[in-house]
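Mind assembling these two chains? They're in different frames, but the hints should get you there.
If you want the building blocks of each chain, they are given just below.
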Amino acid sequence: QSALTQPASVSGSPGQSITISCTGTSSDVGGYKYVSWYQQHPGKAPKLMIYDVNNRPSGVPDRFSGSKSGNTASLTISGLQAEDEADYYCSSYTTNSTRVFGGGTKLTVL
Amino acid sequence: EVQLLESGGGLVQPGGSLRLSCAASGLSFSSYAMNWVRQAPGKGLEWVSIISGSGVTTYYADSVKGRFTISRDNSKNTLYLQMNSLRAEDTAVYYCAKDRVTAAGTGGYFDYWGQGTLATVSS
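These protein sequence lines map, in sequence, to chains A and B. Counting in our numbering, the first sequence runs from 70 upward without gaps. Counting in our numbering, the second sequence runs from 11 upward without gaps.
Source of the hints: derived by calculation from the structure; they are not laboratory data. The structure displayed is predicted, hence computed values, not measured ones. For each residue, glycine too, the CB sits at the ideal point set by N, CA and C. Check before you lean on any hint, since a few could be wrong.
Below, a sample of chain B positions facing chain A; criterion: calculated Cβ distance under 7 Å [stated by the list, open to error]:
1. G18
2. Y69
3. D72
4. Y119
Just chain B, same shape as in the assembly (with noise of 0.2 Å):
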């Protein structure tokens, strides 16, 4: 069974640092892109980066590009999200999710999803 448990989540004042953190088990983890996804409070759901199965090959939103950085560790089966000069809209539930493909430049979907961790940035 395919298990994903986010954590590093908490509150940090605008412009601090966040690292995030997703422990997957269950699966090849080298084997599949994974993605972060965002849901700030009582709003919809914000892809906002993916990595492939390599670690070589990154994308990100446009509203992260610059601040965050995607990367995971293949020998600890660990997805990692740097987010730095955090703002008060990166306020949100963050999500892993596991991709169907390894490559993150070909099309897929977010077949497991975990529970989430919540990052507050607030004074």
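Excised from the complex, chain A in its bound form (with noise of 0.2 Å):
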């Protein structure tokens, strides 16, 4: 039950966009749709952001979007805002019947 890699931090600009990858193996991310994505505000719970790969929950603006190839997802937040300024987690569903989540992503909006 190894953590997905995730890069410790990205950051951009108002206006412009980010990707964060999220890499795992064969057993999890690359074996099933099942890849979610969170943003966490310090001090706060985690709020879904992505799932399914590519989807969003109601509510959740379009500049943020998923995608996955191989063994690595992304996600990908365009038309950065200042509220973006987060932690992001990915997740995914493994051959065990468990979850697993990456080490997070630091995003900072300069």
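So, in structure tokens, the structure goes:
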């Protein structure tokens, strides 16, 4: 049950686009469509942003999008806004019927 | 509106036990699998355990297997986590999180989260 690999930090200016990667194996990310992404502001509970690789829950801006290629999933945020500054985590279902998170990525809006 | 409210956290000595609870409202509780996810101070999220809607099927992270037990009482709309043989590395905020699916052995995601309860293991 090794954690999925995410970059520790990414940054971008308002209005720009950024992409956060999430790399696993064929036993998790690569093997299933069950990749999800969560946003967490300091001191707050995580919030679901993307599910099943590329689906957005109601209320999540369409600036957030997800994709997957092989064992790597990605979260893209376009038109960066100050309120997007937060920690982002990916998660995947695994062959052991368990779940696994990535190590998290801190997004800084410059 | 779905609401999840955790309780039961606190300070416990290494080797001790703690029982966390998560009271759910605003949903058909037995229709959904439920999870525990933890976050050590200043660290990332770690999935801990899942239980099916019926309570029959459970899965655990290797780091807690054999020490933690997840359970639920659907008549009380409450999820539990019994934590035994606690270690310093179990110190974390523990979140309960509703799953999208009913069965624990299928893919899902965490669509609602509680605010968490802090468990501190220290002498």
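So which of those numbered hints doesn't the model satisfy?
1
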